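Student: In order, the protein sequence lines correspond to chains A and B. Sequential numbering of the first sequence, starting at 1, is according to the numbering used here. Sequential numbering of the second sequence, starting at 232, is according to the numbering used here.
Think of the hints as simulated: they come from the structure by calculation, not from any bench. Zero decoy hints are in this set.
Across the chosen pairs, the derived CB separations fall in these ranges:
#: 1; chain 1: B; residue 1: D391; chain 2: A; residue 2: P28; range: 52 to 58 Å
#: 2; chain 1: A; residue 1: H222; chain 2: B; residue 2: V317; range: 46 to 52 Å
#: 3; chain 1: A; residue 1: E188; chain 2: B; residue 2: D391; range: 46 to 52 Å
#: 4; chain 1: A; residue 1: H226; chain 2: B; residue 2: K441; range: 53 to 59 Å
#: 5; chain 1: B; residue 1: C413; chain 2: A; residue 2: S53; range: 31 to 37 Å
#: 6; chain 1: B; residue 1: D378; chain 2: A; residue 2: H222; range: 46 to 52 Å
#: 7; chain 1: B; residue 1: G450; chain 2: A; residue 2: T17; range: 31 to 37 Å
#: 8; chain 1: A; residue 1: A217; chain 2: B; residue 2: N341; range: 29 to 35 Å
#: 9; chain 1: B; residue 1: H381; chain 2: A; residue 2: V34; range: 45 to 51 Å
Straight line, CA to CA, 20 Å or less: simulated DMTMM-like cross-link-like pairs of lysine to aspartate or glutamate:
#: 10; chain 1: B; residue 1: K441; chain 2: A; residue 2: D11
#: 11; chain 1: B; residue 1: K444; chain 2: A; residue 2: D57
#: 12; chain 1: B; residue 1: K441; chain 2: A; residue 2: D57
#: 13; chain 1: B; residue 1: K380; chain 2: B; residue 2: D409
#: 14; chain 1: A; residue 1: K213; chain 2: A; residue 2: D190
Since we're looking at a predicted model, the values are computed, not measured. Ideal Cβ positions, reconstructed from N, Cα and C, are used throughout, including at glycine.
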Amino acid sequence: MDAVTSVVALDAASATTREINQALRALPDGASVVITEPRGRHNLAVGLTNSISVTIDGNAGYYIGGLGDGPDITVNGFTGWGLGENLMSGTIRVRGSVSQSAAASAHGGLVIVAGDASLRAGISLKGGTLAIAGDAGNLTGFMAQAGTILIGGDAGEALGDSLYETTIYVAGRIAGLGADATISELTEDDVTEVKELCGKAGFDHIDPQNVTKVTSARELYHFTTHHASSY
Amino acid sequence: MCGIAGLTLLDSGLEPQLGALLAGMLVALGERGPDSAGVAIYHDDGQLDVTKDIGSPADVCDRFAIATAPGYQGVGHTRMATESAVTKAHCHPFTPAEGVCVVHNGSFSNHATVRRRLERDGIAFESDNDSEVAARYIAQRLAHGDDLKHALTAMAGVLDGFYTLLVTTPTEFAVHRDPIACKPAVIAQTDGYIAMASEYRALTGLPGIKDAKVFEPTGLHAWTR
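Next comes chain A alone, as it looks inside the complex (with noise of 0.2 Å):
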């Protein structure tokens, strides 16, 4: 079928977020689409539940791939708040740096960061998984309860703050822990699965033997009765 190896072409600068976004949804399992001058437009290449390629060529804006069931989705450049939030499943991948609340509440999924994440990334992770080769801000993994977030770079503060069952790996220096998130020691199974992280997202400079792994303490999971004078 033609569509599977044919690459459709739409032009941000002549048609609407809503006539790309249906162009999309239209197109059958296997095609490739390019979006060229994304021009800072939000909303591309959302809710999407086919399994084509979608590359934006350029800098785009806010919830980029947001709710997407399968799409595999490059964006050739920087991208704005919320890329990929609400993702289902599908890989996402930004070749230059991200704003804030990279794949929030992703389900599922692989959101990719070349280049570095701005505050609150992976904030609510529900399952997917987030791999950021740069840094990532302040309050990155915020109440995040399941999945993985993989930090190439630094952390900022608040790392994993209120975390629940996400489990955070960092390869630079961490700025500051959260409430509830501690350091865990990092088993066989943590360094397979950075290993094979690494090789998904196509990262070389992480060694994995050498994470830093953040788990919850879960101590905010239960009432204590040390507390109840906070009451």
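Position chain B against the provided structure of chain A, taking the given hints into account.
Tutor: What follows is chain B alone, placed relative to chain A:
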């Protein structure tokens, strides 16, 4: 909301276009602040022109022919008022001292306390805008000999709230954000300029933007000419 746009040129060949580039940036942020808008333009002869008025940024830029203004550095703000009235006096940029411009996206919770302290020091205000308090505080620190970086760091210790601030002097261009950073900011750097805006889409009309280094600044970033 509110929208901020700032541009400091490193390539003097762009100076005739400064007003047009800055107006384009500000108009692109119109949805972030429809109440009123303001622009400050630094000229080579040392003059600083500040224009502000009620209306959308497109209207205000048209009314005052901002696109025709040359300069080496410019600051723009488009306002969605949350803390005080929509009047010309409440518009940004605030110019609390000669050559100093302050624009703000956010809100300060203890501005009344800091205002009273500044008034006791003999500092006069032109509006009850919370952003003006930050502007006057920064100016007071500069007057006491702080450089801009130290003044902004001191401000962060005194004023409590949410802020993305763009503060300029004839030789400096500084972006300062609180540690929670709810109010957005993007910076683009090329050999020709340093540009800052609330959203990237405001930067798409700048020359060479496709090859610019684009990132979200956190904390304090300052450049000196």
